[in-house]
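Residue numbers (the UniProt record's numbering): 1 to 237.
It should be emphasised that the hints constitute simulated quantities derived from the structure, not laboratory data.
Predicted model only: the values in this text are computed from it and were never measured.
The hints are all genuine.
Simulated pairs of lysine-lysine, PhoX-like, Cα-Cα distance not exceeding 25 Å:
| hint | residue 1 | residue 2 |
| --- | --- | --- |
| 1 | K233 | K46 |
| 2 | K233 | K3 |
| 3 | K173 | K213 |
| 4 | K143 | K132 |
| 5 | K143 | K128 |
Ranges between beta-carbon positions, derived for each pair:
| hint | residue 1 | residue 2 | range |
| --- | --- | --- | --- |
| 6 | D170 | K143 | 23 to 31 Å |
| 7 | S181 | Q19 | 24 to 32 Å |
| 8 | K132 | A60 | 43 to 51 Å |
| 9 | N48 | R178 | 17 to 25 Å |
| 10 | N208 | K128 | 53 to 61 Å |
| 11 | S187 | D23 | 24 to 32 Å |
| 12 | R139 | A60 | 42 to 50 Å |
| 13 | R178 | D45 | 19 to 27 Å |
| 14 | V131 | A61 | 48 to 56 Å |
| 15 | T49 | K143 | 47 to 55 Å |
| 16 | L180 | A60 | 26 to 34 Å |
| 17 | M1 | K173 | 30 to 38 Å |
Each residue gets a CB set at the ideal place from its N, CA and C atoms; glycine is no exception.
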Amino acid sequence: MSKVVLLSTRKLPPTYFDQVREDLGDQDITIDVVGWVAPSAWVADKVNTFTLIGPGRMPAAPAPEPEPATEPTDEAPDAVIAPEAVADPATVVEDEAKIAPAAAEVAAAGTTASTPPPAAKPRPTGAKRVVKAVEWRARRAKKVAGRMLPKAIKTSAPVKFLRGQRATSDLGKTYWERVLSRRDVLSTIDQADVVIALDAGAIWAGWNLGQRKASTPVVLGLPAARRELDMMKVPSA
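All chains should be modelled from the sequences, with the hints used to inform the complete structure.
Encoded structure:
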């Protein structure tokens, strides 16, 4: 049985791991995942382990299906109302006559009562007024500066690419630092036959792992991992 470790910084659905087994030739493999983001649903039945090293929490296991209700064999007896529990009609009429005047008084009191308007908030004076004016001008200057850069430049492909590259680089370094700080993760990686970096955020961690342990193949993507696993099955001459 081959042991595969997946390095990922993206949210993976449970069905993805079925695709992993298919792309790797449906071999007899054990899958361990080191994820920065929790999967989209419960995956305990799909992988051997899923170690979350980023923010958030793992999804809970699905609730068990309720057992079907059993139908009673005997019909329930009809409800019986005691005679003393039924109010006398004369008593009900008398109680309603007493309640009506009281309700009318409460309604009249509610219509006459008035709530005083809230006091106006005093305006700032002296030094406070100067501070408020400076803050207002600073906010206005910030808005004007933001409008000076055309929207076409903000949303252009080169700007988006640069922002994405910077975000990916920062995530990759943070992911690798978190891997180094977890002994359980390093222990799982040390036992792997193949380590697979699944996305751009995991490439930096994969490269560093390849430098640390040259005897374990560290590859990018599933096709490269498939080649490594096929080579392991070929007997040496």
